[in-house]
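As you go down the protein sequences, you meet chains P and F in turn.
When we follow my numbering, the leftmost residue of the first sequence carries the number 1, and every step to the right adds one.
When we follow my numbering, the leftmost residue of the second sequence carries the number 1001, and every step to the right adds one.
Calculated from the structure, these hints are not laboratory results.
Bear in mind the structure is a predicted one, so any value in this text is a computation, not a measurement.
Watch out, some of these pointers could steer you wrong.
Keeping only pairs whose Cα atoms sit at most 25 Å apart, straight-line, the calculated SDA-like set for lysine to any residue is [stated by the list, open to error]:
| hint | chain 1 | residue 1 | chain 2 | residue 2 |
| --- | --- | --- | --- | --- |
| 1 | F | K1198 | P | S70 |
| 2 | F | K1136 | P | R86 |
| 3 | F | K1195 | P | T88 |
| 4 | F | K1451 | P | D58 |
| 5 | F | K1452 | P | P60 |
| 6 | F | K1388 | P | F145 |
| 7 | F | K1451 | P | T30 |
| 8 | F | K1227 | F | A1037 |
| 9 | F | K1256 | P | F145 |
| 10 | F | K1535 | P | P60 |
| 11 | F | K1198 | P | A53 |
| 12 | F | K1256 | P | W161 |
| 13 | F | K1135 | P | Q56 |
| 14 | F | K1451 | P | D59 |
| 15 | F | K1198 | P | T93 |
| 16 | F | K1535 | P | T171 |
| 17 | F | K1256 | F | Q1514 |
| 18 | F | K1347 | F | N1377 |
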Amino acid sequence: MTRYVGRRLVETVPVVFGVLLVVFVIAHLTPGDPVLIALGEHATPEAVEQLRAELQLDDPLPVAFLKYLSHVLRGDLGRSIQNNERVTVELATRFPATIELSLAAMLIASVVGILTGVLAAVRQNSWFDGLSMFVALFGFSMPIFWLGIMLILLFAALLGWFPISGRLDYTVEIVRITNLHILDAMVTRNWTALGNALHHLVLPAITLSTVPLAIVARMTRSSLLEVLRQDYVRTARAKGLRDSRVVTRHALTNASIPVITVIGLNVGSLLSGAILTETIFAWPGVGRLVVDAIFARDYPIVQGTVFVIALVFVAVNLLVDVSYAYLDPRIRYG
Amino acid sequence: MHHRFGRIVLPVLVIAGLLVAPVLTSGAPRTSWDAKACGRVGGTLVFGQAQDAVTLDPADATDGFSVNNTSNAFDTLVRFAANGTQVEPGLAESWRVSSDELVWTFKLRRGVRFHDGTPLDAKAVEFSFQRQLDKKHPYHHGVFEYAEFTLESVKSIEAVGADSVRFTLKASNAPFLAMLAMFSNAVSSPAAIRKYGKDYFKHPTGTGPFKFVEWVQKDHVTYEANKDYWAGRPCVDRLIIRGIPDNTVRLLEMEKGGIQIMDQTNPPDYARIRRNKDLVLFTGPGLNVGYLAMNVEKEPFNDVRVRRAVNHSVNKPVLVRAFYEGIGQPAKNPMPPTIWGYNNEVKAYEYNPEKAKQLLAEAGYPNGITTELWWPNRARPYLTQPQKIAEALQQQLAKGGIRAKLVTFEWGTYLSKARNGEHPMAILGWTGDNGDPDNFLYVLLDADNAKKGTASNIAFYKSGALHDLLIRAQRTSDQARRTALYRQAQEVIHNDAPWVPLVHAGRVAAYRKQVQNFFPHPLDIRWFYRVWIEK
Chain P
1 MTRYVGRRLV ETVPVVFGVL LVVFVIAHLT PGDPVLIALG EHATPEAVEQ LRAELQLDDP
61 LPVAFLKYLS HVLRGDLGRS IQNNERVTVE LATRFPATIE LSLAAMLIAS VVGILTGVLA
121 AVRQNSWFDG LSMFVALFGF SMPIFWLGIM LILLFAALLG WFPISGRLDY TVEIVRITNL
181 HILDAMVTRN WTALGNALHH LVLPAITLST VPLAIVARMT RSSLLEVLRQ DYVRTARAKG
241 LRDSRVVTRH ALTNASIPVI TVIGLNVGSL LSGAILTETI FAWPGVGRLV VDAIFARDYP
301 IVQGTVFVIA LVFVAVNLLV DVSYAYLDPR IRYG
Chain F
1001 MHHRFGRIVL PVLVIAGLLV APVLTSGAPR TSWDAKACGR VGGTLVFGQA QDAVTLDPAD
1061 ATDGFSVNNT SNAFDTLVRF AANGTQVEPG LAESWRVSSD ELVWTFKLRR GVRFHDGTPL
1121 DAKAVEFSFQ RQLDKKHPYH HGVFEYAEFT LESVKSIEAV GADSVRFTLK ASNAPFLAML
1181 AMFSNAVSSP AAIRKYGKDY FKHPTGTGPF KFVEWVQKDH VTYEANKDYW AGRPCVDRLI
1241 IRGIPDNTVR LLEMEKGGIQ IMDQTNPPDY ARIRRNKDLV LFTGPGLNVG YLAMNVEKEP
1301 FNDVRVRRAV NHSVNKPVLV RAFYEGIGQP AKNPMPPTIW GYNNEVKAYE YNPEKAKQLL
1361 AEAGYPNGIT TELWWPNRAR PYLTQPQKIA EALQQQLAKG GIRAKLVTFE WGTYLSKARN
1421 GEHPMAILGW TGDNGDPDNF LYVLLDADNA KKGTASNIAF YKSGALHDLL IRAQRTSDQA
1481 RRTALYRQAQ EVIHNDAPWV PLVHAGRVAA YRKQVQNFFP HPLDIRWFYR VWIEK
């Protein structure tokens, strides 16, 4: 196993390098001058030339890329064009918010999705099956943007059960250690902050979870249905085992491989879906950071963010692959 | 209350209070800001804008979101009046100009301190300016785009004694005083800049009415009242400026009371805000212009008859009603009526598609012309719904014989290409920085600013006559003379018709009823110094 993991880690290097190269090239070749965007209609010719020189935007592309690469290898992702802040610092302050949101959404999607999928499979063709699959399809088809605003209008504005936007009320004090509010609040036993943070997390997490939830539910259902048709399941039932035992002990573990795969792949869609959710709920995460940076042509931020997201993706997929060995003993890595 | 108390003691107290009040607020010279008293002291004011600040360094900020923050924590030597663009004393209590109009000497107020306790003196002011201008300055961390723009005319800056600062100009430049009042020329604490170095943009330290407390990036900035502010403490105890990107969500927050003032309302929401008894919708004339520029270097727009034909094809009142909810006015000049020197005598080109066709025929295009109309894919204050406005214009122009294909790019790309003169006709606009006519006419229509690649004059209109007028107006600080010159300039521009000036969008702000003394400034900067909240 260790050899397998080691090999996989080595394989990630060209992948990440490729990502970096592609992002760098696309960002720099996109028409639009970061200087002009920063200055808007107010750019004077002198200001524009001066700024371009200061930001070294006049280097030829290959040279610029090599300079960038050498910095990245030293852990320096550069500085934002908009405010000169180190990219690593920007990401460090923003990522926790997105991680918190994504994990919450993932949790909801996985737990609710798997439960729904299992129940639907076990009660195939019942009203529950039909209804839950319809709701799943609905959640999958509705634009996140619309769904988010609908949730806010109903549960926050009209009913007042949840706050409208943001991560924490400004009246709540919190010590920021990791910037994961839930974790920080628990560690410092700040129960007010914990409650407040959770309260703010509910609507955005639900909004973000709808697409992965639908996918997980449907995938669980179809995978489980397939497994339930297998001979060994029939044998188990014939042996007299309770149905719930059959499902959980024998069927589910085998059915879960495709489901885990899908959950892993969804991490990517979560990170991108987070952009819309973060915009609506004014959630200060990495999604908004990168969108604002793209429009401002803030190359270092765009490159740095995509680089880190690629790393996350690679790590998650590695974890998913490794988990197969635990779920299905037939799978061995040499 | 006891009857006697009400009849005798209370009036006595009130009169005593009135007698004492001027004494309490004296020490600071009267400016338009001092005239606004606090009805209630205390509370937290929350302002919601479309984005959180990008930087809190006033000299390095270029976007409105950052400027709304820095303008409350910092002061400039001179400042704009509370409700207009006249320039008043700020950190400088007075100033003199030499007879050749080249040397300006500003006398600073005594006893002013930065938020970190260090004193404001001439050396601090000099440091604050030099760090923006001098690229070799050890603390020149940042790009300081506005320094270039606002201090272009300055040859040297030096501290004279402890409380005077002398600016020597390269040539007499009347708009200089208005430039000095701009947000980028705020004075920062040298001690703080030295202490934080490249991180100063996260630790703003000025002399302003609000003192920086913390910045939760991409979310909000918190300030507390500067109780020792030289012009008297602000009314509220705390100011929070939040970034909420979605317009609808921001409005919902204001309806629920989560924020008290918001920025950038959607025109379709105006009716909803007006109907809501808890909210106020403020509308007023704007300091901007939306225009259609014709690239006079490209055929057929090199012919003034064609340009006039385009002017006759546009029906502006319809655009204002449809896309600006009536908040704004059709434009006939490049600068809005809110600016002094506006020439109302200019006779607008009347809407007359038949006349347009006639002019085109005279110019040698009896079957009209086929061209492109470029529009920017981003809403701007002067261009509320870019796509719809472009489509409406396309239809209007077609009736005048001008068949225009719509072309668009995303904002950054659009600016690049327009500046490079790649367009035949392009829609763009401008928001005034300082209420000086030069800021509109010279920047947008002078030959000096028509260089390919960096032009702000995207009509590439080069008129010797106009240039002469505008330079003369820069070189004298005699207001009457400048006014006469600018009035003439507007006639010249009107005759040559390099543009179709479209609209001066009105400015809109929405806030909760309990907010008092809030005046949405024509410069579109949100100053909260004298704002108080009713219980």
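Against the structure, the hints come out as follows:
no.	hint	result
1	F:K1198 <-> P:S70	holds (22 Å)
2	F:K1136 <-> P:R86	holds (22 Å)
3	F:K1195 <-> P:T88	holds (22 Å)
4	F:K1451 <-> P:D58	holds (19 Å)
5	F:K1452 <-> P:P60	holds (22 Å)
6	F:K1388 <-> P:F145	holds (22 Å)
7	F:K1451 <-> P:T30	holds (23 Å)
8	F:K1227 <-> F:A1037	holds (15 Å)
9	F:K1256 <-> P:F145	holds (21 Å)
10	F:K1535 <-> P:P60	violated (61 Å)
11	F:K1198 <-> P:A53	holds (19 Å)
12	F:K1256 <-> P:W161	holds (12 Å)
13	F:K1135 <-> P:Q56	holds (15 Å)
14	F:K1451 <-> P:D59	holds (23 Å)
15	F:K1198 <-> P:T93	holds (17 Å)
16	F:K1535 <-> P:T171	holds (18 Å)
17	F:K1256 <-> F:Q1514	holds (13 Å)
18	F:K1347 <-> F:N1377	violated (32 Å)
Consistency with the previously given hints fails for numbers 10, 18, ordered from lowest to highest.
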